[in-house]
Each structure stands twice: as C-alpha cells, then as structure tokens.
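Novice: Top to bottom, those sequences are chains G and H. Sequential numbering of the first sequence, starting at 0, is according to numbering that gives the first Met the number 0. Sequential numbering of the second sequence, starting at 0, is according to numbering that gives the first Met the number 0.
Think of the hints as simulated: they come from the structure by calculation, not from any bench. Errors might be hidden in some of the hints.
As the list claims (entries may be wrong) - With a straight-line Cα cutoff of 30 Å, these simulated DSBU-like cross-link-like pairs (lysine-lysine) come out:
(1) G:LYS76 to G:LYS133
(2) G:LYS74 to H:LYS26
(3) G:LYS133 to H:LYS30
Claimed, not checked - So the derived label-pair ranges between C-beta atoms look like this:
(4) H:LYS30 to G:PRO137: 24 to 30 Å
(5) G:THR395 to H:GLY42: 21 to 27 Å
(6) H:LYS30 to G:SER375: 57 to 63 Å
(7) H:LYS30 to G:LEU34: 44 to 50 Å
Here a beta-carbon is modelled for each residue, glycine too, at the ideal position from N, C-alpha and C.
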Amino acid sequence: MVQLKDTSLRSLVDIEHGMINREVYTNEDIYRQELEQIFMRAWLFVGHESMVPNPGDFAASRMGEEEVLLVRDQKGKVHVYLNTCRHRGMKVCRYDQGNALVFTCPFHAWTYDTEGRLVGVGHQKEAYGLDFDKSQWPLHEVAQLCNYYGSIWATWDKQAPPFEEYLGPIAASVRHCFQSSDGEDNGMEVFMPIMRWRIPTNWKFPAFSFAGDSTHAAMTHLSVNAAAIGPQGAREGGGRGLLQAAFPKKTVEMVSEEYGHGGHMARYEQGGVPPYRDTWDRVPGADDYFHAARDRKAAKYDGRTLPPGGHGGGHFNIFPNVTLDSWRILHWHPMGPGVTESWRLFQVDKNAPQFVKDGKRHYAMRYCGPMGCTESDDMENWNYAYPASKGAVAQTLDYPFIQNLGKAQPDDRLPGFFTIGTTMAEENQRARLRRWLEFMEARSWDDIFPVKAKSGESR
Amino acid sequence: MTTDKNSSRFRTPAGGPLLREAPLGTKLLLKDQSVVEIIGNPGDGGWVQVRYLESADPPPAIGDEAWVFCMDVKDFAQEM
Chain G
0 MVQLKDTSLR
10 SLVDIEHGMI
20 NREVYTNEDI
30 YRQELEQIFM
40 RAWLFVGHES
50 MVPNPGDFAA
60 SRMGEEEVLL
70 VRDQKGKVHV
80 YLNTCRHRGM
90 KVCRYDQGNA
100 LVFTCPFHAW
110 TYDTEGRLVG
120 VGHQKEAYGL
130 DFDKSQWPLH
140 EVAQLCNYYG
150 SIWATWDKQA
160 PPFEEYLGPI
170 AASVRHCFQS
180 SDGEDNGMEV
190 FMPIMRWRIP
200 TNWKFPAFSF
210 AGDSTHAAMT
220 HLSVNAAAIG
230 PQGAREGGGR
240 GLLQAAFPKK
250 TVEMVSEEYG
260 HGGHMARYEQ
270 GGVPPYRDTW
280 DRVPGADDYF
290 HAARDRKAAK
300 YDGRTLPPGG
310 HGGGHFNIFP
320 NVTLDSWRIL
330 HWHPMGPGVT
340 ESWRLFQVDK
350 NAPQFVKDGK
360 RHYAMRYCGP
370 MGCTESDDME
380 NWNYAYPASK
390 GAVAQTLDYP
400 FIQNLGKAQP
410 DDRLPGFFTI
420 GTTMAEENQR
430 ARLRRWLEFM
440 EARSWDDIFP
450 VKAKSGESR
Chain H
0 MTTDKNSSRF
10 RTPAGGPLLR
20 EAPLGTKLLL
30 KDQSVVEIIG
40 NPGDGGWVQV
50 RYLESADPPP
60 AIGDEAWVFC
70 MDVKDFAQEM
C-alpha cells in the first residue's frame, strides 16, 4: 500500500531544528492559504504620505496580490481602498498615480468620490429607482489604517491589534527610519514614481531573507563589491555602502522573536549620534549638508542612545513582506506562488536641497531595483532557486536554516530583542518562519496576539 | 454669430454635449428640464458635479449639489 506523506504544515516546518521543506516556498495550496491567513490579517506597508501630498491625489499600491488605492480625500484625510467597483468588480482606477475628483468605473459608470462614497450610478432612475441607497455601496476600505510618522500601513482585519503594538519592540526603529538626517520625525519624502517590476520567484525568498542573510554577500556581490558604486567612488576600497565614522556600536543579528520582525542592526554601545564622515565625493556640497544635519540631530538626541536600524544602523524586516531602512523601502508583493512584484521606494530628507536629493536618488538607482548593480545580483539567486526547488525530487529536500541555531539570547541592552553577536546567522529567517506558521494555523488574532513572550530562553 | 455645432470642441461629432471638455461654470439643461451649473468636472466624460439653478419636480432643490450622468443631460443651457 502506498504510504502517503504527511503534508500538514507542521510536517514541513521544523523551526526547532531549522529545517523547512521546499514545498513551503512552492506549493500552490500553501500560497493560497498565505493570502487569506497572512495578507488578509497582518498589518501591511502601503506607502508614504508624500506620495499623495494634495487633496485628490492617489497612488496605486498592493496589499497581498490585490491592488489598493492610497487616496488623500478632498478634506485631506488619507484612505486605502480596494481598487474594485462594488458592482461588477472592474478597477475604478487604472493609473499608477494622479489626482482625481472621483473614481468612475468605465464598465457601468458607478462613480465614487475620494471619501469612497458612491455618488453616482449610471441610469439610476431607470435601473434602480430614485430611492436606491448609494450609501450601502462605498468603495471597500481597509479595516484599520495607521499613519506612522509619514509611513502608511493598513490591515483588512478589524481585530488586528493597534499598529504600534503589532510592531512591538521594533517600533522605535521604524520611527527612526522615517526621521530625516537631522532627527526630525516624519522628515522624509519618497521619490516618485516608485520602481515596480516582477521577478519569477516566491515572495518569501526575498521577504524572509533580506536583512537576514549575511553569508550570501561575499560571493553573490563579488563583482559589485569591486565596482565602486558608493558615493565615495574608489576611495578606501570603493565599497557599495556609505563610509561611516568610528563609533562604539556593533552590527548584529537582532530579532524581535515573537513578532517575526528583525534584521542586521547596530547595537549602539554609547549614547549620542555618531560623527558624520565625508562620503559624497561625487556630489559637491552634500557632505556639508549632512554634517549640519548630524549636528542638529545630536542636539535633539542630547546623549540618548539611537534606536537600532536606519541612518547607518542597518536594515530590518517587518513581518510579513517589507524591508525598511532610512534610504530605501523594499516591498515584496506575492503575485502567485512563483511571481513576486518587487517595489522600491526611496526616502530622502524632505527639506534637503535638490542637489542632495538628486545625489541620493542616483545612488539608489545604482544600487537598487531591476537595473541596480547590487539587487540584480540578489534577484539572480532567488529567480533560479525557485524553479530549481520545484521538481518532484527537489521537493523531497529541506532548506537548512541552521546558521547559529540556538545561539540567540535575550539582550538586556535591547529589551524585547534577541541577538547573536554576529550577522552570520539565520535567526531572522527562523523567526519569520515561526511567525509565518503561527499565522497560517491561527483561527483569529486571539491565537497570535498578544505574542507569547519568550524572554529568558535562548533560541 | 452662432457656434457651428459640428465644429465646437465642446460637442461630439454628432452635435451632442461633450462633458469631458466642459469648463466649470458651464450651464446644462437636463432631460427633466432642470438647469444646473458645473462645479466639478473629473474629465471622464461620464459625470459632472453640478449645482441646481432651476429644479424640476421632484427635488433636488435650487442650490443642491449632485452628480449628473451624461445620459441625463439634454444639452448645454448656453451657447457652446
């Protein structure tokens, strides 16, 4: 008699031993379950308020596979709507960005104002009667929206905890990423238009490994590491990152285990703001701007210790599908088990002079996106790993996530975080996969929040 | 001098009102004989936001604002 294999999720995900079956990344049924269990439930990054600065401005975004509209209504309030007419489902907006008085469905002419209200129905009198109650048919709006220091987040689940509670201990790091270089809250804007392109891989390859996979860099980025794409050019070895002044800090594997958030971030071991070091050789005057901004930030922080992440302190993931830093946002949208729509938003100080903004934008384009020298290396790995993991034989094999397994410890200096004293570890990926399993099995938010505290245990 | 209905950029080739191009303040005659003034135009050709200047029976009342569908517009209430 043929012995059927155990296909339960728990049989595929063994966090304790760091073994994950490849089906988790390739199985169509699991993917469909993710859309419902994770993307209809979790808080998701949608965009930045600077994408819609004026009344009537809109920008298309995604929540999971589905397209949403980030809209600033005529009164100035920001909304997120599903981009689908309530009548027959046609997209009510087919532009990536713009300004609109109403969103008119081109199918049967149902039209919605920027507050989402159905304000017009074609042939209403003849087809529905004058007493048709249009208030019952607004655009479908998210259950909760949070403008977090300029960044816009939303969830479809009204039972989801408040956004800041969803972030847990990493909230200060998110706030820091949206501070300008001089430490001003909500001091950023993003360049428009944003970058969008599709890659043939499962969304978890980038979303679960980015900011948590240091051992790939030496080989994967061998060429770009020698190409001097950084703003300092070939000076001091021509690295792809920005030069940094010496300061007591250590970049480590840092995870808020129970929430699934974390990355490779700096643990500052001294209060205050690191000195600024000249790095923008290719943009005359930019270093003067950043020196002055650093001094203003130092005055604001007044000796307080910086949060980890952002502004030279590393980058990190917010579960499930966004990676944050203070100069780039990497957003990974699932578009099928083997398709990921990759979005890049780049922040810059909103009050910076134009030549500084241009310099930052050019550096981001050299580094990131479909033509970026660094990220095109990463894409090659993910894009080939997916099909090479799909075969019947390949799927009998596990991915090992065993780097520094069991070494993460609670960190007294960073309440709520577990750390490992190196970035050569896969604790971030294990934490995300653990949280992934919790979401996939949960019947409601009651099963996954409040998180089950793990402090005091090693992982 | 009157405008040639066939050459106005505010009219369709068949001579009907082309709402897409109609500027704010343009007066329209609706099929129910109401007269309205355009106060918002999304430029989609299907809808305009209007204020009632003369209202047929039943309401809306004079001064009310509403969205009007192109199929409910009889013509411009002014030379266009």
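Novice: State for each hint whether it applies.
Specialist: Against the structure, the hints come out as follows:
1. G:LYS76 to G:LYS133: 22 Å, holds
2. G:LYS74 to H:LYS26: 26 Å, holds
3. G:LYS133 to H:LYS30: Satisfied, since the Cα-Cα distance of roughly 22 Å is no more than 30 Å.
4. H:LYS30 to G:PRO137: 24 to 30 Å: 28 Å, holds
5. G:THR395 to H:GLY42: 21 to 27 Å: Violated, since G:THR395 and H:GLY42 (Cβ atoms, about 58 Å apart) do not stay within the stated range.
6. H:LYS30 to G:SER375: 57 to 63 Å: Between H:LYS30 and G:SER375, where Cβ atoms are some 59 Å apart, the hint holds.
7. H:LYS30 to G:LEU34: 44 to 50 Å: Between H:LYS30 and G:LEU34, where Cβ atoms are some 46 Å apart, the hint holds.
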